Structure formats: structure tokens, C-alpha cells
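Protein sequences appear in the order of chains A and B.
By my numbering, the letter at position 110 of the first sequence is numbered 130, and the numbering carries on one by one without gaps.
By my numbering, the letter at position 333 of the second sequence is numbered 378, and the numbering carries on one by one without gaps.
By construction, these hints were calculated from the structure, which means they are not laboratory data.
A few of these clues could be false.
In silico SDA-like cross-links for lysine to any residue, where the CA-CA straight-line distance does not exceed 20 Å [what the hints assert, rightly or not]:
no., chain 1, residue 1, chain 2, residue 2
1, B, K191, B, E178
2, A, K46, B, D65
3, B, K60, A, K147
4, A, K147, B, D748
5, B, K67, A, K147
6, A, K22, B, E149
7, B, K60, A, D144
8, B, K73, A, E165
9, A, K22, B, E147
10, A, K104, A, V34
11, A, K147, B, K73
12, A, K147, B, K133
13, A, K147, B, D201
14, A, K104, B, N54
15, B, K60, A, T103
16, B, K60, A, D53
17, B, K742, A, G62
18, A, K46, B, D748
19, B, K755, A, G62
20, B, K133, B, G105
21, B, K67, A, D144
22, A, K22, B, K742
23, B, K191, B, H656
24, B, K60, A, G62
25, B, K60, A, N114
26, B, K687, A, M82
All of these numbers come straight from a predicted model, not from anything done at the bench.
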Amino acid sequence: MKYKINFILNNENVEHEVEANRTLLKVLREDFDLTGAKEGCGLGECGACTILVDGRPVNACMMLGIEADGKEILTIEGLSNGTKLDELQLSFVNNGALQCGYCTPGMIMSAKGLLKENATPTEDEVKEAISGNLCRCTGYKKIVEAIMEVVENNK
Amino acid sequence: MKYVGTSVNRVDGIKKVTGDLKYVDDLKFPRMLYAAVKRSTRPHAKIIHIDISKAEKLPGVKVITTGKDFPKRVGLYLEDKNFLAVDKVRYMGEAVAAVAAETEEIAHEAVKLIEIEYEDLPIVTNALDAMKEDAPLIHPDLGTYKYASVFAPKPDTNISNHYKVRKGDVEEAFKKADYIFENDFYVPHIQHCPIENHSAIASVDREGSLTVWASCQSPYAVRLALSVAFDIPLNKIRVLSPAVGGGFGSKAGTTLEGIVIPLAMKSKGRPVKLTFSRKDEFINSFVRQGMHSKFKTGVMKNGKIIAIKDQYVWDGGAYTEYGVNITKAAGFAAVGPYDIENIWCDSYCVYTNHPVGGPYRGFGMSEIQFGIERNMNIIANELGIDPIEIRRINAQKVGGRTATNAPIDTCGLLDCLDQVLEDFDPNEKVESLSPNKVRAKGIAFGMKAPSMPNNVASSAIVRLNEDGTAYLLVSAQDIGQGSDTALTQFAAEVLSIPPEKITIKTGDTDHTPYEWQTVASRITYCAGNSVINACEDAKAQLLELASLKLGIYKRDLKLEDGYVVSTIYPDKKVAIADLSLGLTMPDGSGIHGPIIGRGVFIPPNVKDHDHETGLGDKPVAYWTYGCQGVDIEVDTQTGNIKVLNVVSSFDVGKVVNPTLVEGQIEGAIVQGIGSALWEELKFKDGKPLNPSFVDYKIPTANDMPEMIIKFIENEEKTGPFGARGVSEPAMIPSAPAIANALCDALGITINSLPLTPEKVLNAMKEKNNK
Numbered sequence: 021m022k023y024k025i026n027f028i029l030n031n032e033n034v035e036h037e038v039e040a041n042r043t044l045l046k047v048l049r050e051d052f053d054l055t056g057a058k059e060g061c062g063l064g065e066c067g068a069c070t071i072l073v074d075g076r077p078v079n080a081c082m083m084l085g086i087e088a089d090g091k092e093i094l095t096i097e098g099l100s101n102g103t104k105l106d107e108l109q110l111s112f113v114n115n116g117a118l119q120c121g122y123c124t125p126g127m128i129m130s131a132k133g134l135l136k137e138n139a140t141p142t143e144d145e146v147k148e149a150i151s152g153n154l155c156r157c158t159g160y161k162k163i164v165e166a167i168m169e170v171v172e173n174n175k
Numbered sequence: 046m047k048y049v050g051t052s053v054n055r056v057d058g059i060k061k062v063t064g065d066l067k068y069v070d071d072l073k074f075p076r077m078l079y080a081a082v083k084r085s086t087r088p089h090a091k092i093i094h095i096d097i098s099k100a101e102k103l104p105g106v107k108v109i110t111t112g113k114d115f116p117k118r119v120g121l122y123l124e125d126k127n128f129l130a131v132d133k134v135r136y137m138g139e140a141v142a143a144v145a146a147e148t149e150e151i152a153h154e155a156v157k158l159i160e161i162e163y164e165d166l167p168i169v170t171n172a173l174d175a176m177k178e179d180a181p182l183i184h185p186d187l188g189t190y191k192y193a194s195v196f197a198p199k200p201d202t203n204i205s206n207h208y209k210v211r212k213g214d215v216e217e218a219f220k221k222a223d224y225i226f227e228n229d230f231y232v233p234h235i236q237h238c239p240i241e242n243h244s245a246i247a248s249v250d251r252e253g254s255l256t257v258w259a260s261c262q263s264p265y266a267v268r269l270a271l272s273v274a275f276d277i278p279l280n281k282i283r284v285l286s287p288a289v290g291g292g293f294g295s296k297a298g299t300t301l302e303g304i305v306i307p308l309a310m311k312s313k314g315r316p317v318k319l320t321f322s323r324k325d326e327f328i329n330s331f332v333r334q335g336m337h338s339k340f341k342t343g344v345m346k347n348g349k350i351i352a353i354k355d356q357y358v359w360d361g362g363a364y365t366e367y368g369v370n371i372t373k374a375a376g377f378a379a380v381g382p383y384d385i386e387n388i389w390c391d392s393y394c395v396y397t398n399h400p401v402g403g404p405y406r407g408f409g410m411s412e413i414q415f416g417i418e419r420n421m422n423i424i425a426n427e428l429g430i431d432p433i434e435i436r437r438i439n440a441q442k443v444g445g446r447t448a449t450n451a452p453i454d455t456c457g458l459l460d461c462l463d464q465v466l467e468d469f470d471p472n473e474k475v476e477s478l479s480p481n482k483v484r485a486k487g488i489a490f491g492m493k494a495p496s497m498p499n500n501v502a503s504s505a506i507v508r509l510n511e512d513g514t515a516y517l518l519v520s521a522q523d524i525g526q527g528s529d530t531a532l533t534q535f536a537a538e539v540l541s542i543p544p545e546k547i548t549i550k551t552g553d554t555d556h557t558p559y560e561w562q563t564v565a566s567r568i569t570y571c572a573g574n575s576v577i578n579a580c581e582d583a584k585a586q587l588l589e590l591a592s593l594k595l596g597i598y599k600r601d602l603k604l605e606d607g608y609v610v611s612t613i614y615p616d617k618k619v620a621i622a623d624l625s626l627g628l629t630m631p632d633g634s635g636i637h638g639p640i641i642g643r644g645v646f647i648p649p650n651v652k653d654h655d656h657e658t659g660l661g662d663k664p665v666a667y668w669t670y671g672c673q674g675v676d677i678e679v680d681t682q683t684g685n686i687k688v689l690n691v692v693s694s695f696d697v698g699k700v701v702n703p704t705l706v707e708g709q710i711e712g713a714i715v716q717g718i719g720s721a722l723w724e725e726l727k728f729k730d731g732k733p734l735n736p737s738f739v740d741y742k743i744p745t746a747n748d749m750p751e752m753i754i755k756f757i758e759n760e761e762k763t764g765p766f767g768a769r770g771v772s773e774p775a776m777i778p779s780a781p782a783i784a785n786a787l788c789d790a791l792g793i794t795i796n797s798l799p800l801t802p803e804k805v806l807n808a809m810k811e812k813n814n815k
């Protein structure tokens, strides 16, 4: 059985029908072809599927599609304005804060969630905020530097 | 140089930060089916019967395949594996049958309905036991398997390769030695854990042509394996690797592609997709082999080591088609980065009822050098010599010899040590701020060569466009290491056009030219040379045409910022764009045609070793050397270790892109910390116990130490602009450096990884009881 839900997806109102047992990650990837959020573990352990729900970072694999009803959802695809990149995206590119790129969308969305809540976090707070996002390539150093550069620029 | 040596931004950066880059699991095709795999619940058993009747009846199920459909064995170096088990299973989790269905859910449901009758066989899960004469044979037909001639499987045993080094006379040297030391070490199975799980999609059209999209490091190696397995000519197979979300070796060779293709062959033209779950990724992609090492070392009073007799026993798991070469690589580096006159080394690849061992960042070097570098510190401590001093005494140096007796003409090892010591004082005592914690420092070396067959080939094509921009075509895969960017920099340098005017295309066997594999830290070196050669070829064509156009000798022309320019009269020039399609003559006729540069490369003069002695003058293209110093804090009450500071130096020959190579080293250090402190894929009687990120912890941002990354640039004469590979070597010293710091500071001995709190506390207790 499908349920009708209404939510804001990347700044647009959408109406959608969804089975009760499907995760929001599957709904985004399969129904909306928004494949920026990745499934790395399906258990909420790796953070590759991180999106913003009402401005806060959430593992989309741990949330059901129907729970999106009435919520504002932002995925990596909605973060940039056309070809104009978000400051975090730019900083990741300029600081070499990515390698294979598979964790990158989730990592950036976690950082975005942090900066929405706290525009001037310390380096330790940044590390804590992204500690749920696993990256096997970078060793995290340049990721933290990229986020801190945005923090410094906004001070 | 204008572009090589600068931190050009990653050419794939914007696609990756926007989520625009499509990885295999992001692809979706019309009428696509979804696959699931029935896996063995037994570590070693005969397959008596497979009953698919219930699964077949489930609505939405389209195809079911078993090993009997394609029983031909395949393998990169030793043909010992089937994509689906035939007649028997050899590890728990092995693929036995596969289903393609309308949805993933139906496919998984159908898999549950497949019933398999097994007859259990005796198991062996310890490589040392598996070498014994009465051990159950995992591959009784090993003697009939095909293999590459440099390997030495032993029929009627579980030994799928025995590599030996016989250099000098160890027994005679042991008699002369002032001291003899004997030490054993063990490193467990670990998992690569790329964040992208393996994924493949296969489609077969009505001509019988096969197209495969795979998250693979090596499209051409996959194409060849599939051609052999399924008897399809190479021109009817197209392998695409659109993007790879991390590899570290796990996506080398061929894994799940062979499962999905038989399904696609029977699905009447419908594409079939298979994506591994994280649990599959832990068990069914290659694992890093467990390894038992032991060393007998003969040392003189002054710290000079005169003989080492060592043995490496590799737990190769159920299939060792790839693992046999790790055994050989270990032999080439039998005593690590030390120059030892007398060496006796036996390296054995051994079958067990464990998951399939295979390439993992370092290709055996992290495993053997954990023991080698611990052994050095143990000996230094026993002799009362500084661990750094004993390394200086025995280090490989220019003019010395490697384990295979190859002459050493370039070696930056001690340069790296000295560079680390500029920022790292091993003798500086730092008090911890907490009374229960102890600060400790340790150091270790690392060395690695590209482990690949002697004659592996690379190729590149460069095509100039009408406006002076260019396409660069290679099949080297950017798996995160940044090869797309580095190769673009090489092309930019030779052609003297900015990187943003060059678009690199990779990973499509129908359209991008041959590359053996993206492994062995060989891409900057091998593919890099082919790119330079392709661009030199294009440049020669441009100079030829410009010479005609300008009436200037070729030797007096050069490429500069998009022009062919006279070196004598700088105002005499012609735009590359104007020559890109050929040259128009004064009478309006045209000559030559489009500029297309072609470049190929095979590492020069790498030759087979002697089979009996393991010796050879040039068994590898080059060695990369480095050193790492670590500063850790140990909690003596909990046994927890925190790595605080790391200083790394590697001799990379030439820093092609500072930001990218720093990123490789930083990532390698942190991956090394994971392998040192926590990572172990655990088994009980062949059953994997922790195949998830819940139970198998990899480092997070909170575990990152402060890192100082430094480089030595001793040119590699055959390297592109002098560069050599470093992405794997950088991980090697992390674990032994941490273990050395821990053991030396607390006066304890732990000779296995990982350095768990339990082991630390037990070792401290043992010391206190003495």
C-alpha cells in the first residue's frame, strides 16, 4: 500500500506516493534519481547517505520515506545554485578535500548541517560533527581544513 | 616546469562535490533486472544438490544460474576459481547460485527459497596447519590448474605458490654471528572498506555482445577474465568503469562481474545489476591475507646484520588466483629495506577455508614489514643500540644490493630518515598531562616496488581539437588517488596548454586504449610515461607542420602557451589550434590531417628472477623508500592507544601535485593507524564474525593525528619527470612504528596486530608478573 506525502525537496514542493517500508534514501535515489546520497552500509554507520532534514543532518538510510511528509529535505544536488557552488563545495575542491568522492556528498551535508547550527565551530567540533561520516581515502585532514576555511572566511 | 609540481585542483572535483558523478550503483537502465546471490553457509562442503524449483516459481523471478552453467575456471595468475561454486564450496559466503528478478526485494526473497544440500568436508582455517601433510586438501586438483610460469604451485598440497630466496650462505653466517635472534609475528585478515560497495551491471544484446559497467580498477583485466570465462571474443565485450568509489586493491582483478554476466546472458536482453551489501563487501571482495612470519637473524656486536632466514606463510583463503603474486612480492622484499649479505627466505601462499585473499594497499609489504621493523627494534633493544642507529647501519644504500642481489642505483631511504628527524626527536621525553597515560615515540621504515608482471603495457592517445583544446584518452582509473589530474598535468606540461583545456577520458575498453591494471602504485609511473609519449608524438607532428608553415627548422621550435614558437625569433609563431586538423598550404591544399598523438610504455628491462635462487638483477621497475615517526599516548589503565603526531617522508622522485600526494600520504597514515589499532576480520571455524561497520571499526575524523608530510625528490630515471609511485608505500611504516613506540616505552612485547587494549593490558600484566 502506498501513502501520499508532501514535502519540500531541494526547495521545490513535491507530492509523492510511497510504500511504508521504503527508506528515504531509496525514495530519493530510485524515485527522484537524486543519486548524490550514497548507500555505503544501510545501517547508519558510514554517513554516505547524509542529507539535511529541516536543516539537520540525517542518515537517509535510517529514515522512512513517509517520515519526509511535511519536512524540508535538502540533498547535495540542491546545495549549489546551478553552476554556482556552495562555499563548502568550493572549499572542498580548492583544498583537495576529496579523493574517490563517494563519501563527499554526505561529508559536505554533515558540515553544512553543523554550520547552519553553529557558524563558528572549533576544529574539534568540526571533527565531532563529521565523525559519523567515514572516509577511507583522505585521512580527514584536508576535509577538516576545508571546513575550517569556510568557518574562517565567514568570521 | 609550469604545471608539473603545482597543486592543480582535481579535474574531477566539481563532479564529486556536487553529486553529479555517476558511480555504477547510481546507473539505472530501462527494463533493468536486479540480482541477488545465494551464498554458502558452510566453510568447506560438497554440493550434493541445488533445488531452485521454489525460487523459480516466485513471481518476478526471471533467471537463476548456478556454477554448472559456466564451469570453466579463471584467474589472473593461477586459474583456480569459478564465479559460482562448482561441485564444492571452500569458504563461508561463497557464491553458489544467483537470481535476477524484477526488483531487489524479489531477488532476495528468491535466494531464500533456493535449497542446497551439502556434505561437509573437514576444514582448515590456519595457514600453518594447512601446510601440514595430513591437512585436508582444499584444491585436490591443483596439479591440473593452469598458472603463469613464474609461480610454483605444489600439487597435492595446499601450497599454491612457493617463492624462495637463496642468497649467500646463511648457515655459515649464523656460525660467525655474535648473536642469533628468533622472533615470530602475525598480522590478521583486514578489509579494504572502500565506502563504495562493489557494483556491476551487465547487458547482452542480440548479437551476443556483452557490455559491463563495473566499479573496477582495471577494465581491461576484467575484459580478459570475462573473455576466458565465457568464451566471448574480446571485440564483443565492452567494460566501462564510469567512476570508482575507492579501491585499495579490492577492485583489482575481477570479482562480482562474473556472477552478473551469466544472468544477463539468459535475461533476453534485459540489463542485470548486482550491488554488494556492506556485509558482502567484507566477505566477498578480496580480503588482505593473514600472514605468519618468523625471522632468524644473525647479528654482529656492532649491530651489523649478516644473515636473515625468514619464512612468510600467507593465509590465501579459498582461492589464490591473485594472492600467489603477493607471496612473490614478499620474496623480492624478503628482508625489507636492508642490505643483508646472506638471505634464506621461503614465502608460501596457502589455501585455507577463509574468504579469498587478494591485493590490498601495499601488496604484502605492510604484512612483512610489520615483522621486519619490529624485529629490528627487538634486536636493537637486546644489543643496547639505538633503533635508529641499527637502521642506519643496515639500511639499503646506493651501491648496495637488494634481497634479490639487484644493484641499488637510487635510494633515498636515509635521506627520508634524516628529513623525519628534522621534525621528530625520538629521544625527547614528553610527559602526558594525565597520570595514567604514557607518551611514546617510535619509528619505522617502509619500502615497496610496483608488483606487476615484467612486461605490462600502458597506452595513451591525445587528440587535439580545432580550438586548441585536447582530449586525453587512457584506461588508467582514478580510484581517488588523483590520476586523472596527474596525467592531465603531464599532458599540459608537454603540450604547453593549461590543464583546464584538456579533458581526460578513462575506463571504456571500446574507446580508451589499453592499460594493464590500476594497481601497484604504477599509474603515475606507467600510464604517466605513456601519456608523455603520446603528447611528445603530437608535439612532433605539430613541430613538423609548423616548420613547414614558418620555414624554421624543427630544432628551433618549441610549444609555448598554445603556440608553436620559434626559439630564435619569438614573434614567429603559429597557434596549435590552426594546426589541429593539419596544415593548409599557400595554394589552398591541405596536408597531414588531425593531430592524434599515440604513446605506449612498458617498464624497461624488468626481467624474470632465477627460479631456484629467487635472485635477479632487475625483478622490479624501482623501489620507493620512506620513513615514518609516530608519537602516541597509551592509557595504562584501559590499554587504549591514541596516535597524536606523525611525521612522514617518502622519496617520491618528483612531487607531481603537492596537494594530491599529501592527500595520499595522509590517507595512508590513517588507514595504517586503523590496521595498527583496531582492524581485524575475525573468524570462528571459518565463519566471519564482524562483517559490518558496527563491529569492524575504521578510523573516523576523531582518530586523525597531527601530520607533517615531507618528501625527498631523488629522480627515478625511468619515471615521468622523475616520479615514482607512493600511494601504497606510505601506509607500510604506520603499524610497526606505532608498535615500536608502544613496546619500547612500556617494555612489553606484542608481535601481532591489531594492538588492542586487551593485548596491551595482558602484556603489561605479563611484564609485571616477571
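Going down the list of hints, with the structure as the test:
Restraint check for B:K191 and B:E178: not satisfied, since their Cα atoms lie roughly 23 Å apart, outside the 20 Å limit. Note on A:K46 and B:D65: the hinted pairing holds, with a Cα-Cα distance of about 17 Å set against a maximum of 20 Å. The straight-line distance between the Cα atoms of B:K60 and A:K147 is roughly 24 Å, outside the 20 Å bound, and the hint therefore fails. Distance hint between A:K147 and B:D748 is fulfilled; the C-alpha atoms sit about 9 Å from each other, no more than 20 Å.
For the hint linking B:K67 to A:K147, the alpha-carbon distance of about 28 Å lies beyond 20 Å, and the restraint is violated. For the hint pairing A:K22 with B:E149, the CA-to-CA distance comes to about 18 Å; that is within 20 Å, so the pair holds. For a cut-off of 20 Å, the pair hint linking B:K60 to A:D144 is broken: about 29 Å separates their Cα positions. Among the hinted pairs, B:K73 with A:E165 is inconsistent with the structure: their alpha-carbon atoms are about 35 Å apart, more than 20 Å.
The suggested pairing of A:K22 with B:E147 holds, with an alpha-carbon distance near 19 Å, which does not exceed 20 Å. This hinted pair does not check out: A:K104 and A:V34 have alpha carbons roughly 24 Å apart, beyond 20 Å. Pair hint A:K147 plus B:K73 does not hold up; C-alpha atoms about 35 Å apart against a cutoff of 20 Å. At most 20 Å may separate the alpha-carbon atoms for a hinted pair to count; A:K147 and B:K133 exceed this at roughly 48 Å.
Distance check on the hinted pair: A:K147 and B:D201 sit about 54 Å apart at the alpha-carbon level, beyond 20 Å; violated. Simply put, A:K104 and B:N54 have alpha-carbon atoms about 17 Å apart, close enough for the 20 Å limit, and the pair holds. Between B:K60 and A:T103, the direct Cα distance comes to roughly 11 Å. Compliance with the 20 Å bound is thereby established for this hinted pair. Of the supplied pair hints, the one linking B:K60 and A:D53 holds, its CA atoms being roughly 16 Å apart against a limit of 20 Å.
This hinted pair checks out: B:K742 and A:G62 have alpha carbons roughly 16 Å apart, not beyond 20 Å. Distance check on the hinted pair: A:K46 and B:D748 sit about 31 Å apart at the alpha-carbon level, beyond 20 Å; violated. Taken as a hint, the B:K755 and A:G62 pair is broken in the structure, with Cα atoms around 38 Å apart against an allowance of 20 Å. For the hint pairing B:K133 with B:G105, the CA-to-CA distance comes to about 29 Å; that exceeds 20 Å, so the pair is violated.
At roughly 33 Å between alpha-carbon atoms, B:K67 and A:D144 are farther apart than 20 Å, so this suggested pair is violated. With a CA separation close to 38 Å, the supplied pair A:K22 and B:K742 exceeds the 20 Å bound. Of the supplied pair hints, the one linking B:K191 and B:H656 holds, its CA atoms being roughly 18 Å apart against a limit of 20 Å. Restraint check for B:K60 and A:G62: the C-alpha separation of about 24 Å exceeds 20 Å, so the hint is violated.
Between B:K60 and A:N114 the CA atoms are separated by roughly 13 Å; this keeps the pair inside 20 Å, and the hint holds. The hinted pair formed by B:K687 and A:M82 fails the criterion: a straight-line CA distance of about 31 Å is larger than 20 Å.
Checked against the numbered hints given earlier, the structure breaks hints 1, 3, 5, 7, 8, 10, 11, 12, 13, 18, 19, 20, 21, 22, 24, 26 and satisfies all the rest.
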